[in-house]
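Colleague: Next come the chains, spelled out residue by residue.
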Amino acid sequence: MAVRVRLTDGPLAEMIQTSFTPGCGARIVFDGVVRPDEDGQAITGLEYEAYRPMAEQQLERIGRELVEKYGLLSMDIEHSTGFVPNFACSFRLVIESAHRKEGLGAMDEFIDRLKQDVPIWKCAK
Amino acid sequence: MAVRVRLTDGPLAEMIQTSFTPGCGARIVFDGVVRPDEDGQAITGLEYEAYRPMAEQQLERIGRELVEKYGLLSMDIEHSTGFVPNFACSFRLVIESAHRKEGLGAMDEFIDRLKQDVPIWKCAK
Amino acid sequence: MPGCLWGQAGESSQEMPRYTILLFGPASAAIGQDRVVLESSDPCTSDELKAQLAQAFPALESHVQVGRLAVNQGFANADALIDPAAEIALITMVSGG
Amino acid sequence: MPGCLWGQAGESSQEMPRYTILLFGPASAAIGQDRVVLESSDPCTSDELKAQLAQAFPALESHVQVGRLAVNQGFANADALIDPAAEIALITMVSGG
Chain C
3 MAVRVRLTDG PLAEMIQTSF TPGCGARIVF DGVVRPDEDG QAITGLEYEA YRPMAEQQLE
63 RIGRELVEKY GLLSMDIEHS TGFVPNFACS FRLVIESAHR KEGLGAMDEF IDRLKQDVPI
123 WKCAK
Chain Y
3 MAVRVRLTDG PLAEMIQTSF TPGCGARIVF DGVVRPDEDG QAITGLEYEA YRPMAEQQLE
63 RIGRELVEKY GLLSMDIEHS TGFVPNFACS FRLVIESAHR KEGLGAMDEF IDRLKQDVPI
123 WKCAK
Chain W
-18 MPGCLWGQAG ESSQEMPRYT ILLFGPASAA IGQDRVVLES SDPCTSDELK AQLAQAFPAL
42 ESHVQVGRLA VNQGFANADA LIDPAAEIAL ITMVSGG
Chain B
-18 MPGCLWGQAG ESSQEMPRYT ILLFGPASAA IGQDRVVLES SDPCTSDELK AQLAQAFPAL
42 ESHVQVGRLA VNQGFANADA LIDPAAEIAL ITMVSGG
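In order, the protein sequences belong to chains C, Y, W and B.
Counting in our numbering, the first sequence runs from 3 upward without gaps.
Counting in our numbering, the second sequence runs from 3 upward without gaps.
Counting in our numbering, the third sequence runs from -18 upward without gaps.
Counting in our numbering, the fourth sequence runs from -18 upward without gaps.
Okay, chain C solo, but in the shape it has when bound (with noise of 0.2 Å):
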């Protein structure tokens, strides 16, 4: 039951792929990326700002919830603060489940919930 948080200066390198934990027949990888527009107006990126303790103390809550709720093995969740350009990833969560359907619904529900309860914020610019 492995919740890891980080948040991370900047855009977020790419996955370091690592072996499946036992058991795990579902790994789901979401990458959130900036596009190039906000509301219609061209934009360079996106500057985040985060309630940085609270961020990470939300962040890790959540996601311990989360995999008491739907059985999951694992949930690896990592933020950008500071500027991100566009094209660049600013969000990652990696979940491993047992089976595809738990992986799937906790994703959802945890973009949800970080979209409601993490103090994190975003200013195009």
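Among these hints, one or two may not hold up.
Stated by the list, open to error - Interface residues of chain C toward chain B, partial, derived using beta-carbon atoms under 7 Å:
#1 E51
#2 M56
#3 F93
#4 L116
#5 I122
#6 W123
#7 K124
Stated by the list, open to error - Each pair of labels, with its calculated beta carbon distance range:
#8 C:R6 / Y:P38: 22 to 30 Å
#9 B:G55 / Y:E111: 34 to 42 Å
#10 Y:K127 / W:Q14: 16 to 24 Å
#11 W:R(-1) / Y:R66: 33 to 41 Å
#12 Y:I45 / W:T1: 32 to 40 Å
Calculated from the structure, these hints are not laboratory results.
All of these numbers come straight from a predicted model, not from anything done at the bench.
For every residue, glycine included, the Cβ atom is placed at its ideal position computed from N, Cα and C.
Add chains Y, W and B to chain C, keeping to what the hints say.
Modeller: Coordinates of chains Y, W and B only, in the frame set by chain C:
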């Protein structure tokens, strides 16, 4: 609206990281992994048999249908044939979309259709 | 076996449609062959061909029940007449992923 | 401004609870500060403190309306009394991901 389909002999190699398609706001990668037991029996892996030309056509057809239905940017589909040992990847689906919801919906539906309409069979070894 | 014969070399008649049906996975394992040939007294629909297949090969019956026929690599409608010259396959319960 | 004062150095009284409220993102940008200090005549609940915050800083009103207060890095219940010694933050509409 790129749909790519590959049937690959043996376990799938690690994903080759590519840059995101312009307009992509969410990339979701699903890895299906062989688990060391099947119906409670210990196994060494799974042997996949495909009705190859039809499997390729069906994968492509389902992919195109869902790209259209969900307005996806790209779909990359890879499935193993032959023997895949425990803990290795036998199926990978990569979906790029502008937003998360359509990508997750398409992923769920694709895997449902795969398990219904794509002539690939597995046999525990 | 009315209307349906397991084709043997030399037995085929030019008047009787002759269907070669590809088998895969569990169905193939069930009878130790990767295809069977059926001769029918009349042109068959997909459902009729399935019925004749189950009758001719009782070991395939359970697979035919949950299976569908594919014609030229696409699923056939139950009431579609099957062209004996087409590539015909029995698609039993699949299990990819 | 009854019950609520924008604290200036030297103005604080030992009898009046003094709340420092951290601001982030749009709320911080709205008033060009990353925190504000409120003095209240009485100990406040979360909802009361929000009301006083909006009253003291009209530029924050729209943010306060859709926001919640966090106390020691966890969301506070609307009717929970807030300890002035706690780390208090206004969490407006977030937009991560």
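Colleague: State for each hint whether it applies.
Modeller: Checked hints:
Hint status for C:E51 relative to chain B: holds, with the closest Cβ pair at about 5 Å, below 7 Å. For the restraint placing C:M56 at the interface with chain B, the shortest Cβ-Cβ distance is roughly 4 Å, inside the 7 Å limit, so the hint holds. Because the closest C-beta pair between C:F93 and chain B is about 5 Å apart, less than 7 Å, the hint holds. For the restraint placing C:L116 at the interface with chain B, the shortest Cβ-Cβ distance is roughly 5 Å, inside the 7 Å limit, so the hint holds.
For C:I122, the interface hint holds, since its Cβ comes within 7 Å of a Cβ in chain B; the closest pair sits about 3 Å apart. Of the supplied interface hints, the one on C:W123 holds, with its beta-carbon coming within about 3 Å of a beta-carbon of chain B, less than 7 Å. A cut of 7 Å between beta carbons decides the hint on C:K124: the least distance to chain B is about 5 Å, and the hint holds. Our hint of 22 to 30 Å for C:R6 and Y:P38 holds, since their Cβ atoms are close to 24 Å apart.
The hinted window of 34 to 42 Å between B:G55 and Y:E111 holds, with their beta carbons roughly 38 Å apart. Under the hint 16 to 24 Å, the C-beta atoms of Y:K127 and W:Q14, about 21 Å apart, fit the expected range. Judged by the Cβ atoms, the range 33 to 41 Å given for W:R(-1) and Y:R66 holds: they are separated by roughly 35 Å. Y:I45 and W:T1 have their C-beta atoms about 33 Å apart, which keeps the hinted 32 to 40 Å range intact.
Every hint, counting from the list given before, is met by this structure.
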